[in-house]
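Could you put the whole structure together from the sequences, leaning on the hints where they help?
Protein chains in written order, with numbering that gives the first Met the number 0: chain A, 0 to 361; chain B, 0 to 280; chain C, 0 to 259.
By construction, these hints were calculated from the structure, which means they are not laboratory data. Remember, predicted model here, so these are calculated numbers, not experimental data. Take the hints with a grain of salt, since some may be wrong.
To give an idea of the chain B side of the interface with chain A (calculated C-beta under 7 Å), a few residues [said to hold, decoys possible]:
| no. | residue |
| --- | --- |
| 1 | 54 |
| 2 | 55 |
| 3 | 57 |
| 4 | 61 |
| 5 | 63 |
| 6 | 73 |
| 7 | 75 |
| 8 | 76 |
| 9 | 80 |
| 10 | 99 |
| 11 | 101 |
Backbone N, C-alpha and C define an ideal beta-carbon position, used for all residues, glycine too.
The primary structure of each chain is shown beneath.
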Amino acid sequence: MVALSETELPSPTQDIKQLDRRIIARRLSVILMALLALAVVVNLALGASGTSLWGALGKLISGAELTTMERVVLWDIRLPRIILCILVGAALAVSGAVMQGLFRNPLADPGLVGVGAGAGLGAITSIVLGSLLPVGFQSLFGHYVTPAAAFVGGWGSTLILYRISTRGGRTSVATMLLAGIALGSLAGAVSGILVYMADDNQLRDLTFWQMGSLAGATWEKSMIAGPVILLAIAGSTWFAHGLNCLALGEAAAAHMGIPVQRMKNAAIFSVAAATGVAVAATGGIGFVGIVVPHVLRLATGPDHGTLLPNAALLGATLLLGADLISRTIIAPAELPIGIVTAVLGAPVFLWILLKRRGMVDQ
Amino acid sequence: MRHIAFAAALSLMATATPMLAAERILSIGGSVTEIIYALGGEDKVIARDTTSSYPVAAEELPDVGYMRALSPEGVLSVNPDLIVSEAGAGPAETLEVLKKAGITFIEVPDSFTADGILEKIAAVGEAIGKPAEAVKLSAEVENDLTSVAEKTATIPETERKRVLFILSTRGGRIMASGTNTAADGIISLAGGVNALTDFEGYKLMTDEAVSQAAPDVILMMDRGGDHGAPNDELLALPAIVTTPAAETRSVIRMDGLYLLGFGPRTADAALALAQKIYGTF
Amino acid sequence: MTLHADHLSLTIGKKQILRDVSFTARAGEVSAIVGPNGSGKSTLLKALVAELPSTGDITLNGRALQDYKPWELASLRAVLPQATVLAFPFTVLEVVRLGLAAGPDASNPELPFEMLSRVDLDGYAGRYYQELSGGEQQRVQLARVLAQVGRPMRDGHPCWLFLDEPVSSLDIAHQLTVMEIARQFASDGGGVIAVMHDLNLTAMYADHVHVMAEGQTAGAGSVATVLTDARLSQVYGCPLRTGVVPADVGVFVLPQTARA
Numbered sequence: 000m001v002a003l004s005e006t007e008l009p010s011p012t013q014d015i016k017q018l019d020r021r022i023i024a025r026r027l028s029v030i031l032m033a034l035l036a037l038a039v040v041v042n043l044a045l046g047a048s049g050t051s052l053w054g055a056l057g058k059l060i061s062g063a064e065l066t067t068m069e070r071v072v073l074w075d076i077r078l079p080r081i082i083l084c085i086l087v088g089a090a091l092a093v094s095g096a097v098m099q100g101l102f103r104n105p106l107a108d109p110g111l112v113g114v115g116a117g118a119g120l121g122a123i124t125s126i127v128l129g130s131l132l133p134v135g136f137q138s139l140f141g142h143y144v145t146p147a148a149a150f151v152g153g154w155g156s157t158l159i160l161y162r163i164s165t166r167g168g169r170t171s172v173a174t175m176l177l178a179g180i181a182l183g184s185l186a187g188a189v190s191g192i193l194v195y196m197a198d199d200n201q202l203r204d205l206t207f208w209q210m211g212s213l214a215g216a217t218w219e220k221s222m223i224a225g226p227v228i229l230l231a232i233a234g235s236t237w238f239a240h241g242l243n244c245l246a247l248g249e250a251a252a253a254h255m256g257i258p259v260q261r262m263k264n265a266a267i268f269s270v271a272a273a274t275g276v277a278v279a280a281t282g283g284i285g286f287v288g289i290v291v292p293h294v295l296r297l298a299t300g301p302d303h304g305t306l307l308p309n310a311a312l313l314g315a316t317l318l319l320g321a322d323l324i325s326r327t328i329i330a331p332a333e334l335p336i337g338i339v340t341a342v343l344g345a346p347v348f349l350w351i352l353l354k355r356r357g358m359v360d361q
Numbered sequence: 000m001r002h003i004a005f006a007a008a009l010s011l012m013a014t015a016t017p018m019l020a021a022e023r024i025l026s027i028g029g030s031v032t033e034i035i036y037a038l039g040g041e042d043k044v045i046a047r048d049t050t051s052s053y054p055v056a057a058e059e060l061p062d063v064g065y066m067r068a069l070s071p072e073g074v075l076s077v078n079p080d081l082i083v084s085e086a087g088a089g090p091a092e093t094l095e096v097l098k099k100a101g102i103t104f105i106e107v108p109d110s111f112t113a114d115g116i117l118e119k120i121a122a123v124g125e126a127i128g129k130p131a132e133a134v135k136l137s138a139e140v141e142n143d144l145t146s147v148a149e150k151t152a153t154i155p156e157t158e159r160k161r162v163l164f165i166l167s168t169r170g171g172r173i174m175a176s177g178t179n180t181a182a183d184g185i186i187s188l189a190g191g192v193n194a195l196t197d198f199e200g201y202k203l204m205t206d207e208a209v210s211q212a213a214p215d216v217i218l219m220m221d222r223g224g225d226h227g228a229p230n231d232e233l234l235a236l237p238a239i240v241t242t243p244a245a246e247t248r249s250v251i252r253m254d255g256l257y258l259l260g261f262g263p264r265t266a267d268a269a270l271a272l273a274q275k276i277y278g279t280f
Numbered sequence: 000m001t002l003h004a005d006h007l008s009l010t011i012g013k014k015q016i017l018r019d020v021s022f023t024a025r026a027g028e029v030s031a032i033v034g035p036n037g038s039g040k041s042t043l044l045k046a047l048v049a050e051l052p053s054t055g056d057i058t059l060n061g062r063a064l065q066d067y068k069p070w071e072l073a074s075l076r077a078v079l080p081q082a083t084v085l086a087f088p089f090t091v092l093e094v095v096r097l098g099l100a101a102g103p104d105a106s107n108p109e110l111p112f113e114m115l116s117r118v119d120l121d122g123y124a125g126r127y128y129q130e131l132s133g134g135e136q137q138r139v140q141l142a143r144v145l146a147q148v149g150r151p152m153r154d155g156h157p158c159w160l161f162l163d164e165p166v167s168s169l170d171i172a173h174q175l176t177v178m179e180i181a182r183q184f185a186s187d188g189g190g191v192i193a194v195m196h197d198l199n200l201t202a203m204y205a206d207h208v209h210v211m212a213e214g215q216t217a218g219a220g221s222v223a224t225v226l227t228d229a230r231l232s233q234v235y236g237c238p239l240r241t242g243v244v245p246a247d248v249g250v251f252v253l254p255q256t257a258r259a
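Structural data, given as structure tokens:
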């Protein structure tokens, strides 16, 4: 406790601990972990079929055989879906936070500024043109083609977006949003052409995919998306300090020893990779990437060192919650999860805009 | 690929498995549900998909959602032992899980011709263990279809009307039917000529292509929302205003499932459509 | 130990901003860069810290600038920009800590508070940076810079502060506070290079003055030799006189009076 005078502050003497939002953020991490664990249990326990988790656990403990229904519902349906939910929720939230740090703007979101659309274009291309690949290649790498194509699409659009909207290290918000709209429509238009070329079978795959859903969650998808997303999130902790310094401007960050160009490349790469495989696995799911980081910044400040891991936790928890709604609210049918996140997220986004109109007008 | 596999599975099932075992049937696809009801199998049907809206009694059943986006747990929750489905149910991952859960999944063939309906009836009959009823229904339907075909055959080539089926006019852009669709099938059963034959499936049309197709009659589904633009609005669209159909204000609207279902009511629907197109019979 | 730049030239677009500028600053001294608006003062500072690419050689402590790794430079010198717009709602403490983390004293959690105290911002640690006045923000940034490179000497090598108009939005008392910090840093062996507008403060605190005009050096040396009537009048384009009390002008206030 050095030099905290009581005279100049409107508030009385503050303890260092109260000033230090890192401590609050760490406490929040613990709470978020508990919430995530709770969400996992709830999602494992609840579902349209009414299969009881507790019954199955009881049987496991007593050594009794599970019924086919219990095995299929818990092991083949709910669990892979939960894992994919966690991965995709974390990927979307962290990508959003990294992108916002990179563009130095709380409104940048992969879904809003055309990166999601670029990834979508990649995925659609692979679905429609994938049949042109040699059959042997398809059978060996078939499951990787769509995620890889989505990554390439996402990466390309992020690079283009950054080149257009950032000049001398300063991002013009208006340019970014407009370029995002243009990129989004361009990707949408090319996707439209591809959809036009698609045959009936492919069209079915596309329709399902475009709706954004976790109903197609499988262990296989988690195994493909998992390593990429976990690496991207782990990698993002490496440039968390760099993103903090970047908030002072590119030149200031460089003077603080940040290899700015390398860090930006790494950030763009990780956003594209995480967004790409997430989009390939579940289609477009909006607003997680903008709402989660914003709420966390309000709670514990913009320090990326705590923001990124907390965003992963909250994003995963939020998507589990949204998925629970999506698969139970109109059971036995299912509401596409993209609709749930939009209904929950769009009002929050509008509220952010309302509070930060000045930010956009700059 | 999947279709072939299911078709193969179907033929195997038809010969090897005694289908009488099915006690809880999930019916997917409007025409399949209609056929099951027509065969008197409704007491075994415990759930349906969103497109199964006829007969009205079917709407009382739990709805497992849109047939192309089935949720695995949603399907399991109604606890079926047999799923009978039109072609195109999905996604593949859901079907995979259902197979693991030991549920028999039978996809019936779909083609938009008179013979296609008969095949469909036979396949559904086999699937739900009512082959005899299927033979009977099939004979009735065939009879009706033949009589419609005989009537429409009397229309001279030169008097055949060009019919344009419009699926939607969302945002003023016309999504219309080419060949190899249910709409194309019903138009020809009704003695009409599809105005658009240079592509397959449903596509968004440019205005000029619609003008050039020069339909005498416009056919649409009788539904709310963007599927059912009022006639004045529809005929005022630039694409349509120049067509013969606009001049004579010939717009026909019919219930979607009735018109396009390719089930037991199709002969009826074809006749009704022919009457609306030609005003006689 | 010096900062030395040889024959710097710098072009932005088609406009040549710096033309063959050579510059030397010694550790232990405050070196001021002065000159009229648009003369290339700030550009020269940015060239000296390699923020803008220039042709010519720059050495720091006898070693070519490009031979340093980014993190080595970060612990050897810190740069205070003219004004900083923050992208996110950081608190004052968090901003200063960013500097702390970038420097060699990262493990000292008390340092940010000490530095805030030095720039007369006691008790500001928990305030939001974006809610402060321009002058307060400028001092927060100085505290951030001092937290990064706070000690004038490290392992026998001098450290460097590059300050771009450090007192431009400060009141006179805080101008003196900040210049005293720079003065002290130099007296303890470090090197300070500051872009200055205020010629009085320059005369008070600088050991070495480098005058810029139209992208070129218009004079360099001690205050007494450089800030001459002729040079100032010519460079600024108006008749100026040093050390003369004009008759009958009413009130004027010189910062020098605060020291006396």
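* Unsatisfied constraints (hint numbers, rising) -> 1, 2, 3 and 9
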